[in-house]
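Respectively, the protein sequence lines represent chains B and P.
Just add 395 to wherever you are in the first sequence, counting from 1, and you've got my numbering.
Just add 43 to wherever you are in the second sequence, counting from 1, and you've got my numbering.
Think of the hints as simulated: they come from the structure by calculation, not from any bench.
Heads up, some of the hints might be wrong.
Restricting the straight-line Cα-Cα distance to at most 25 Å, the calculated cross-link-like pairs of lysine-lysine (DSS-like) are [unchecked claim]:
1. B:Lys631 / B:Lys433
2. B:Lys503 / P:Lys242
3. B:Lys631 / B:Lys425
4. B:Lys598 / B:Lys413
5. B:Lys480 / P:Lys242
6. B:Lys480 / B:Lys425
Derived DEER-like restraints, expressed as beta-carbon distance ranges [unchecked claim]:
7. P:Thr260 / B:Lys540: 34 to 40 Å
8. P:Leu330 / B:Gly630: 54 to 60 Å
9. B:Asp523 / P:Trp107: 35 to 41 Å
10. P:Ala327 / B:Ser443: 58 to 64 Å
11. B:Pro582 / P:Gln344: 29 to 35 Å
12. B:Thr421 / P:Gln344: 38 to 44 Å
13. P:Asn168 / B:Ser549: 57 to 63 Å
14. B:Asn434 / P:Pro143: 37 to 43 Å
Even for Gly, the Cβ is constructed at its ideal location relative to N, Cα and C.
Chain by chain, the residues run as shown.
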Amino acid sequence: MQDTIVMTSTDFAIQAEKVSVSYGSTLAVKDVFLDIPKNNIVALIGPSGCGKSTVLRCFNRMNDLIPGARVEGRITFNGQDIHSKQVDPVQLRRQVGMVFQRPNPFPKSIYENIAFGARINGYQGNMDELVERSLRGAAIWDEVKDKLKESGLSLSGGQQQRLCIARAIAIEPEVILMDEPCSALDPISTLRVEELMQELKQKYTIIIVTHNMQQASRTSDYTAFFNARATEQGGKMGYLVEYNRTEIIFQQPSQQDTQEYVSGRFG
Amino acid sequence: MAVQDNQPAALDPAAPMFKPNVSGRYKLDRIFAALAWGATAIAIAVLVWLILTILIDGLGSLDWQFITSFPSRKAERAGILPALVGTLWIMGVVAFVSFPLGVGAGLFLEEFAEDNWFTQLVEINISNLAGVPSIIYGLLGLAAFVRLFESVTNGRTILSGGLTLVLLILPVIIVATREAFRAVPDSLRWAGYALGATKWEVIWNHVLPSALPGIMTGMILALSRAIGETAPLIAIGAAAFIPFLPEGLQSQFTVLPIQIYNWVGRPQAEFHDIAASGIIVLMAVLLTMNGVAVYIRNRFQKTR
Numbered sequence: 396m397q398d399t400i401v402m403t404s405t406d407f408a409i410q411a412e413k414v415s416v417s418y419g420s421t422l423a424v425k426d427v428f429l430d431i432p433k434n435n436i437v438a439l440i441g442p443s444g445c446g447k448s449t450v451l452r453c454f455n456r457m458n459d460l461i462p463g464a465r466v467e468g469r470i471t472f473n474g475q476d477i478h479s480k481q482v483d484p485v486q487l488r489r490q491v492g493m494v495f496q497r498p499n500p501f502p503k504s505i506y507e508n509i510a511f512g513a514r515i516n517g518y519q520g521n522m523d524e525l526v527e528r529s530l531r532g533a534a535i536w537d538e539v540k541d542k543l544k545e546s547g548l549s550l551s552g553g554q555q556q557r558l559c560i561a562r563a564i565a566i567e568p569e570v571i572l573m574d575e576p577c578s579a580l581d582p583i584s585t586l587r588v589e590e591l592m593q594e595l596k597q598k599y600t601i602i603i604v605t606h607n608m609q610q611a612s613r614t615s616d617y618t619a620f621f622n623a624r625a626t627e628q629g630g631k632m633g634y635l636v637e638y639n640r641t642e643i644i645f646q647q648p649s650q651q652d653t654q655e656y657v658s659g660r661f662g
Numbered sequence: 044m045a046v047q048d049n050q051p052a053a054l055d056p057a058a059p060m061f062k063p064n065v066s067g068r069y070k071l072d073r074i075f076a077a078l079a080w081g082a083t084a085i086a087i088a089v090l091v092w093l094i095l096t097i098l099i100d101g102l103g104s105l106d107w108q109f110i111t112s113f114p115s116r117k118a119e120r121a122g123i124l125p126a127l128v129g130t131l132w133i134m135g136v137v138a139f140v141s142f143p144l145g146v147g148a149g150l151f152l153e154e155f156a157e158d159n160w161f162t163q164l165v166e167i168n169i170s171n172l173a174g175v176p177s178i179i180y181g182l183l184g185l186a187a188f189v190r191l192f193e194s195v196t197n198g199r200t201i202l203s204g205g206l207t208l209v210l211l212i213l214p215v216i217i218v219a220t221r222e223a224f225r226a227v228p229d230s231l232r233w234a235g236y237a238l239g240a241t242k243w244e245v246i247w248n249h250v251l252p253s254a255l256p257g258i259m260t261g262m263i264l265a266l267s268r269a270i271g272e273t274a275p276l277i278a279i280g281a282a283a284f285i286p287f288l289p290e291g292l293q294s295q296f297t298v299l300p301i302q303i304y305n306w307v308g309r310p311q312a313e314f315h316d317i318a319a320s321g322i323i324v325l326m327a328v329l330l331t332m333n334g335v336a337v338y339i340r341n342r343f344q345k346t347r
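Here chain B stands alone, though its shape is the one from the complex (with noise of 0.2 Å):
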């Protein structure tokens, strides 16, 4: 798959080389080789359970925190190994941020929400500009400019969606992990967080795990896609597919599996 795409090392944000994941004596997802490409957008897609938010969280060492996980194979974020003994995984997680499936803003003002990042990270600039930066990095500052001392909370869920995403650009993060982050909007919210992907791109590189085909097909400039096998133990086994630019992924995948799914025919 690397023949295909001809780039250097440091084109590259992230790099993985035959990753594979496991929770306790179950094999979550196999062999995985993924190199991803600076401000660029990465989709993930595949049916329910062939362990593409598995990877995603690999990516800032968020399975460090599920006890029994264990991840495999080697990782390089700017081209140093993740797992070494120089990376701390509390640092790896400012340049690697990541935006969840649910929005989970905390139940603090929309204000101490982009605050707090920067000030456990040593911010040493002005605050009030911070905030207002990243309120509209996000797309939502004509929303809230009014209400910062209102709870999160009190937003509908495509502006949480979008605050958690202003959340995660104030610390100045390098790659944005986004995990299904549209699956609990409306179509117009999703449409919105899409519009701001686009423009985000510019400064971030990102990867989507997404259900939504027509999601990845309209947004990501390259295209991974997952399938599971079932495994002896009545589990299931994830592993990538094919790897391609997206609209090859979507038009002429050089898999059978892969040409079946975009073509909706199962998953």
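The hints should help you fit chain P onto chain B, whose structure is shown.
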């Protein structure tokens, strides 16, 4: 209802597979509503009866002089001041010591400790301790605080009494704290970690504030239990007659329940009336204390 009953038959006239029996199910609804109403009514009736009899007996002798006087052998001159002040001292010690200890232990067990056989053993023991009779804690307090640590506590003092009650209510606070932490959704923790927060930053800034209303509910229950306890304080030897005000942690003391118990035990009817007055004072202190706790709880809930 008849129409609903007939619907399945209309859909499948040959073999009705559904018999909704709507009227029978509604009847069950009404029976359970009536039972629940009855249970509530009995509880409220008992409470109202209790409060009314105490108010009738006690209001007559409850005046400023009663609150500001020392105990006396004559009922009409007897007052409750030392017991009231003693209770305030004791509750101060209990709240001040039990909150950090109980919340700290609950925090450790829920957020930091690994889930292994040892923590499970600790968990079972804490739950068991919540059911140990309070007199046992009194004997423990007598052996430990009054005798063993006499150099610190100066014997049968406010400090000994307060610490004994702390032991008594710690299990309640620890269990309530753990439940409160468990109720905080993981998505909130992830949100913090994903911004590069450390474990302590996540707990201090997000988990603890979200859990605090639940913790305060546990504190209210625990302090309400402590304020009414008599047996453990009698066991450690709290005085029944104190003609002076406690001056510090190492003073001798008495508390409202002991004073009330003492008056109730006397043969003269006048003392039974001022015992009722004492109960009114005790309830007022309890209500004030719970009011403060509810106020703190609501302040933290408002931002959610």
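Now the hints, each set against the structure:
| no. | hint | verdict |
| --- | --- | --- |
| 1 | B:Lys631 / B:Lys433 | violated (31 Å) |
| 2 | B:Lys503 / P:Lys242 | holds (19 Å) |
| 3 | B:Lys631 / B:Lys425 | holds (11 Å) |
| 4 | B:Lys598 / B:Lys413 | violated (28 Å) |
| 5 | B:Lys480 / P:Lys242 | holds (19 Å) |
| 6 | B:Lys480 / B:Lys425 | holds (24 Å) |
| 7 | P:Thr260 / B:Lys540: 34 to 40 Å | holds (37 Å) |
| 8 | P:Leu330 / B:Gly630: 54 to 60 Å | holds (56 Å) |
| 9 | B:Asp523 / P:Trp107: 35 to 41 Å | violated (54 Å) |
| 10 | P:Ala327 / B:Ser443: 58 to 64 Å | holds (60 Å) |
| 11 | B:Pro582 / P:Gln344: 29 to 35 Å | holds (34 Å) |
| 12 | B:Thr421 / P:Gln344: 38 to 44 Å | holds (40 Å) |
| 13 | P:Asn168 / B:Ser549: 57 to 63 Å | violated (43 Å) |
| 14 | B:Asn434 / P:Pro143: 37 to 43 Å | violated (50 Å) |
The structure fails to meet hints 1, 4, 9, 13, 14 from the earlier list, while all remaining hints are met.
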